[in-house]
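Undergrad: For the record, the sequence lines run as chains A and B.
Going by our numbering, the first sequence runs without a break in its numbering and finishes at 351.
Going by our numbering, the second sequence runs without a break in its numbering and finishes at 1351.
Just so you know, the hints here were simulated from the structure itself, not pulled from any lab data.
One thing to keep in mind: the hints can contain errors.
[As the list claims (entries may be wrong)] Here are the simulated lysine to aspartate or glutamate pairs, EDC-like style, with alpha carbons at most 16 Å apart:
hint, chain 1, residue 1, chain 2, residue 2
1, B, K1334, B, D1218
2, A, K58, A, D73
3, B, K1191, A, D137
4, A, K246, B, E1242
5, A, K191, A, D152
6, B, K1257, A, D137
7, A, K139, A, D281
8, A, K253, B, D1137
9, B, K1246, A, E172
10, A, K250, B, E1072
11, B, K1139, B, D1281
12, B, K1250, A, D218
13, A, K189, B, E1343
14, A, K250, B, D1218
15, A, K30, A, D218
16, A, K191, B, D1034
17, A, K168, A, D207
18, A, K61, A, E72
19, B, K1277, B, E1242
20, B, K1189, A, E172
21, B, K1318, B, D1034
22, B, K1189, A, D137
23, A, K189, B, E1072
24, A, K318, A, E172
[Claimed, not checked] Here are the in silico distance ranges between beta carbons for each label pair:
hint, chain 1, residue 1, chain 2, residue 2, range
25, A, E192, B, E1172, 49 to 57 Å
26, A, D281, B, H1064, 58 to 66 Å
27, B, L1171, A, L264, 34 to 42 Å
Yeah, the Cβ is synthetic: ideal placement off N, Cα and C, and Gly gets one too.
Below are the chains, spelled out letter by letter.
There are 2 protein chains.
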Amino acid sequence: MSENLVISVDAMGGDNSPRVVIEGINIATKRNPDLRFLLFGDEGQIMPLLQQYPKVAKVSKVIHTTERVKNEDKPSQVIRNRNTSMYMAIEAVRSGRAQAIVSAGNTGALMAISKMVLKTIHGIHRPAICTIMPHIDGKFVMLDLGANTECDEINLAEFAIMGNIFAKHALEIKSPRVALLNIGAEEMKGKEEIHHALRILRNPQLDINCTGYVEPHDISNGVADVIVADGFTGNVALKTIEGTAKFVVKMIKKSVKRSILAKLGLPFMLGVVSKIKRSMDPRNYNGAMLVGLNGLTVKSHGGTDAFGYSVAIDNAAKLVRQNFVATIRQEIEKVDLDELNQESIYEGYYL
Amino acid sequence: MSENLVISVDAMGGDNSPRVVIEGINIATKRNPDLRFLLFGDEGQIMPLLQQYPKVAKVSKVIHTTERVKNEDKPSQVIRNRNTSMYMAIEAVRSGRAQAIVSAGNTGALMAISKMVLKTIHGIHRPAICTIMPHIDGKFVMLDLGANTECDEINLAEFAIMGNIFAKHALEIKSPRVALLNIGAEEMKGKEEIHHALRILRNPQLDINCTGYVEPHDISNGVADVIVADGFTGNVALKTIEGTAKFVVKMIKKSVKRSILAKLGLPFMLGVVSKIKRSMDPRNYNGAMLVGLNGLTVKSHGGTDAFGYSVAIDNAAKLVRQNFVATIRQEIEKVDLDELNQESIYEGYYL
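Isolated chain A (complex conformation) (with noise of 0.2 Å):
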């Protein structure tokens, strides 16, 4: 398994695992045949699967683990437990066994345990979670969705930072327009640390095409290719995304029940929906990226299904080939944020 690359994989997280993270392996390795896999979990339940599927078997090693990190699970908890398959397939990563862990568990214990076992890139304040989402016409990329509560501006700009260059590589865009979620598009509008991670950003020395601030609803707009917030604001714009679209639907479900005539209409109807559902469809957009550690923890959605799983596993297998991690390590080692802070406030100064 020396030349391959080998991604470290907690059989055990995730609503229908392992069964869900094996048949989406057993996916992956179609289009990716060079990847190996190291497996985290239950032998008793992990072997019958690999008979089923002899071709993850031939690209696989199982590792037994006997204990798994729950749902309910705080952090705190399952921190210090060396013995679960999620602590486990982390490890894998920190020891150079694997050059990424997939991970379809509980997303506070794999931040948690991420932080605590890959530790923080040096000159990064917080690691954030990062994540691929649809515009009208194309994708973008939006951090931090929730790792972080309450950020000051350092935070935000390592934010940018990390976007930008996580747009460079998983969707190729040569110059990432780099925007702020922020309410009101006025310089003086919003929250304090906002404006003051504009101006940082603004330097020219970062060399980042940051375009200002991005309203709420512009997010779907296509008008930024990487959009940073603080982890509430984020999460709260992508869960409030998700469940926006859902209610459109259900709407439209709801008044074409209710009406013979667009009952009639529907035949017609079924390729657009087919269309619309398959450009919109969460599983294509599947795998958040735990940014700014020594290692690239990803995080599948926990309810997704084989096809899903597999697009976490080809995310995580396309940044390693990139080198996201160590791009970003350079790049960071190339600024000192903090006296970018003191420059702008200095500069403030003389306006």
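Given the structure of chain A, go ahead and fit chain B onto it with the hints provided.
TA: Positioned in the frame of chain A, the structure of chain B alone reads:
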């Protein structure tokens, strides 16, 4: 005009003022023949419109003003200018000549002038912006939508009390389900001030049907009648809902345009489309209330049309008839939130 309900109107506020304002009053008077209006604005522009709408002329008195608050004006600039149509319209409520003021002008200025002129109700620390929105099978109330970027637990508890009364009055719900917007439904997730606010709201002295936290993806699911957030988060949620609803509709339109089959089916769908448009029409929800002041200020959307403006007037009239402001005053007099907060902190020690 003594026995009638008088509404003071900033005739110069909004994108197409004063035309939309006068036309909006024309629609509203049909539904509310008892309303009388004080129109603050430029006579030269208002008088020709009143000739076009004699019914409006009959129920209105024009007070000529030479200045107006512009959209780009900063609240700090306009707050001392007593000659603007906005200032004078608000002043008419303070002096008792009108029972409510409606403006489609600059929200920040409207809040700042209202606060200075009408003053905050004794016992309320900060007024909030509140609106009615659609959910899957009804309507709900959300606040604060942007008046207060940072809020503590007392502010949030006050918003909940005011939102509770607002839902009783405006939505005619006997015991509104009041929930705090938070990420994660578990007690300890999200922000600390939200946890503290929950403890205050669960104090039986308050007599509020507080159901706990609501997650952003459930906002539109009808799980709460009143959703409480700080102004930054509330504004992000509101604008994300608006943006996402438009995004989904755009995606559908785009797909239908590209499909010949779907175009053929379109005539069957027109009834449903117009029905959905109607039920989600933002004009039906026009009119955000500035709550917590000694007087009722209603903010119409700046870009609304005459129908939308008439809805804002309806909302103002309804709340005045129900003695909304007096009810808040009575309810807030009954409780000492600082004391309840202390109590909940002490209780915390014994747990």
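Undergrad: Confirm or reject each hint.
TA: Status of the hints after comparison with the structure:
no.	hint	in the structure
1	B:K1334 / B:D1218	violated (32 Å)
2	A:K58 / A:D73	violated (33 Å)
3	B:K1191 / A:D137	violated (34 Å)
4	A:K246 / B:E1242	holds (13 Å)
5	A:K191 / A:D152	holds (10 Å)
6	B:K1257 / A:D137	holds (15 Å)
7	A:K139 / A:D281	holds (13 Å)
8	A:K253 / B:D1137	holds (13 Å)
9	B:K1246 / A:E172	violated (27 Å)
10	A:K250 / B:E1072	violated (39 Å)
11	B:K1139 / B:D1281	holds (13 Å)
12	B:K1250 / A:D218	holds (13 Å)
13	A:K189 / B:E1343	violated (36 Å)
14	A:K250 / B:D1218	holds (13 Å)
15	A:K30 / A:D218	violated (37 Å)
16	A:K191 / B:D1034	violated (44 Å)
17	A:K168 / A:D207	holds (13 Å)
18	A:K61 / A:E72	violated (29 Å)
19	B:K1277 / B:E1242	holds (13 Å)
20	B:K1189 / A:E172	violated (35 Å)
21	B:K1318 / B:D1034	holds (12 Å)
22	B:K1189 / A:D137	violated (34 Å)
23	A:K189 / B:E1072	holds (12 Å)
24	A:K318 / A:E172	holds (11 Å)
25	A:E192 / B:E1172: 49 to 57 Å	violated (40 Å)
26	A:D281 / B:H1064: 58 to 66 Å	holds (59 Å)
27	B:L1171 / A:L264: 34 to 42 Å	holds (36 Å)
Violation of the numbered hints given earlier is confined to hints 1, 2, 3, 9, 10, 13, 15, 16, 18, 20, 22 and 25; the remaining hints are satisfied by the structure.
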